[in-house]
Amino acid sequence: MRPAIAQYYPGDSLMHRLDPRAKFVAVSALALALFVRDSFLGLAVYAAAAALAYAISGVPVRWFWRAFKPLLWLVGLTFLAQVVFARGTPFFSFWFVHLSWSGIELAAFLSLRLVVLVLAGSVLTLTTTPIALTDGLAWLGRPLRRIKVPTDELALMVTIALRFIPTLLVELDTIMRAQRARGADFRSGGLRERARALVPVLIPLFVLSFRRADDLALAMEARCYQPGIVRTRLHPLRAGRADVLLLVVTAAVIAAGLLV
Amino acid sequence: MTAPLLDISGLHYRYPGARSDALADLDLSVHEGEFVAVVGANGSGKSTLARLLGGLDRPAAARRAGACGHDLLTGDGRLAARRDVGVLFQNPENQLVAEHVEEDIAFGLENLGWPSADIRRRVDEMLARFDLKDLRRREPHLLSGGQKQRAALAGVLAIPRRAIVLDEPTAMLDPAGRADVLAAVAALRVEGLAVVYITQEMDEVVGADTVVGLEGGSEVYAGGVDDLFADGELVRRLNLGLPVAAEVAQELARRGRPLPALPLTLDALLAGLSERS
Chain A
1 MRPAIAQYYP
11 GDSLMHRLDP
21 RAKFVAVSAL
31 ALALFVRDSF
41 LGLAVYAAAA
51 ALAYAISGVP
61 VRWFWRAFKP
71 LLWLVGLTFL
81 AQVVFARGTP
91 FFSFWFVHLS
101 WSGIELAAFL
111 SLRLVVLVLA
121 GSVLTLTTTP
131 IALTDGLAWL
141 GRPLRRIKVP
151 TDELALMVTI
161 ALRFIPTLLV
171 ELDTIMRAQR
181 ARGADFRSGG
191 LRERARALVP
201 VLIPLFVLSF
211 RRADDLALAM
221 EARCYQPGIV
231 RTRLHPLRAG
241 RADVLLLVVT
251 AAVIAAGLLV
Chain B
261 MTAPLLDISG
271 LHYRYPGARS
281 DALADLDLSV
291 HEGEFVAVVG
301 ANGSGKSTLA
311 RLLGGLDRPA
321 AARRAGACGH
331 DLLTGDGRLA
341 ARRDVGVLFQ
351 NPENQLVAEH
361 VEEDIAFGLE
371 NLGWPSADIR
381 RRVDEMLARF
391 DLKDLRRREP
401 HLLSGGQKQR
411 AALAGVLAIP
421 RRAIVLDEPT
431 AMLDPAGRAD
441 VLAAVAALRV
451 EGLAVVYITQ
461 EMDEVVGADT
471 VVGLEGGSEV
481 YAGGVDDLFA
491 DGELVRRLNL
501 GLPVAAEVAQ
511 ELARRGRPLP
521 ALPLTLDALL
531 AGLSERS
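Same order as they appear, the protein sequences are chains A and B. Numbered by the working numbering, the letters in the first sequence go through residues 1 to 260 in order. Numbered by the working numbering, the letters in the second sequence go through residues 261 to 537 in order.
Keep in mind the hints are simulated off the structure, nothing from the lab. Take the hints with a grain of salt, since some may be wrong.
A few chain B residues facing chain A, derived, Cβ under 7 Å [what the hints assert, rightly or not]:
hint, residue
1, Ser289
2, Phe295
3, Leu316
4, Ala320
5, Arg342
6, Gln355
7, Ala366
8, Phe367
9, Gly368
10, Gly373
11, Trp374
12, Ile379
13, Asp491
14, Leu494
Beta carbons are placed, not taken as given, at the ideal position from N, Cα and C, and that holds for glycine.
With the rest of the complex left out, here is chain A (with noise of 0.2 Å):
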């Protein structure tokens, strides 16, 4: 059982390999360049070093356009909103609504600028673990525990999280039917019948998740772990020459987009 916001294509690519820190920067500074940028030609730049990054991750095509569904109507909406309300000399006017060329033109390019930027985003979500994600973006937030922000503890909260996903999903399985024998319907009447439905079987997986919660902690401690401390790790972050090299590059499309 795969959660769906797990999202990530197992490979062993370029991009796969690279530090989670410097993929996390570079789409950063890409996803910030293009909201600077705004002509059609630096655009072209950006979606090219995109779907470039995006091929040497050897990620099927349909894993970037199932990723991008959900946000069809985002895109849409944007479109539809400047198209609707941009102002310039229209050529066809109707109560509130007025078309112009330069509006048209606008929609097009906001919309493009939200795929392109989905795009590099789901580079670096495909062929990067949430696990390693985590850890990356733990280390980029560093500076924050000057602030006393726990960033180590929030990193391994998250980690935990995802690792017990896959267990309560099986719980809450092993509860449904569990009711369902008790006579419980799930599947039919309306919206809110079925929600209330659902109240017996979350009380149950809290109170579970509740003493997994206890266990967890004891069994944590058991194996040396308090919070504050200075953990090491058995496979560290660990930034190469590929990784120095995709920031240089990164910068190299960056400045290109913002100069043609």
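Fit chain B to the given chain A structure using the hints.
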């Protein structure tokens, strides 16, 4: 004789807000290489004892509460004891923290701040020792019960231990998983760890050097395995049951065909049967 690794005398524990002690006036001493079994019904204080020995909870009082030379009555002593005394719990699922088996085995060493290279070496050792090499990148929820408990044990023992407390480690396992864990525990004893083995399975008690029987938080028996099972009244009172071989022998006696001595293992049972015929 050297000093015992676990050296407990007059230990008391009371849950916050409770009216009576969950453990009262408990004595326990376990030497290097010694195997002490702890038996008793649910609620007799067995798991409380496990937590106290592992430095995971604070005793209410004790004359002596030493674990591998650390004083369990002080906070620092308990933290230090957590390094030397491992605790394996009943439910393996609730002990595995990390996304893969190898990272979970590394968890304790990561907490102790070992250098990565040393952690890697130690994890490889543990994977080989507990026959988990092929499962090193497996996610915990995809393991069988026995595999999970072996991985959890590997994680507990990755930190070099001098003593280990096992709290009903086989209770949730199938027979194959149970045999696996028991074999691993037998090896620990040979290695010289002090082993405290909490169980409700009388067949698992048989090889112990000493058995401690708990009832309502009090120690009602401490002595050899043979003497415990020979005391039919005590066994009934603690609701312990008998090892399978002893059950068979008792049934034979009821049918008028007693054996010369009460056998605790199948070998002893067979020997007794052939002696009689």
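The hints, checked one at a time:
1. Ser289: violated (22 Å)
2. Phe295: Phe295(B) check fails; min Cβ-Cβ to chain A is 20 Å, beyond 7 Å.
3. Leu316: holds (6 Å)
4. Ala320: violated (19 Å)
5. Arg342: This interface hint holds because 5 Å falls under the 7 Å limit.
6. Gln355: holds (4 Å)
7. Ala366: Holds: closest Cβ of chain A sits about 4 Å from Ala366(B), inside 7 Å.
8. Phe367: Check passed: Cβ of Phe367(B) comes within 6 Å of chain A, closer than 7 Å.
9. Gly368: holds (4 Å)
10. Gly373: holds (5 Å)
11. Trp374: Check passed: Cβ of Trp374(B) comes within 6 Å of chain A, closer than 7 Å.
12. Ile379: At about 5 Å, which falls below the 7 Å cut-off, the nearest Cβ of chain A leaves the hint on Ile379(B) intact, so it holds.
13. Asp491: This hint is violated: Asp491(B) lies away from chain A, its Cβ roughly 34 Å from the closest one there, beyond 7 Å.
14. Leu494: violated (31 Å)
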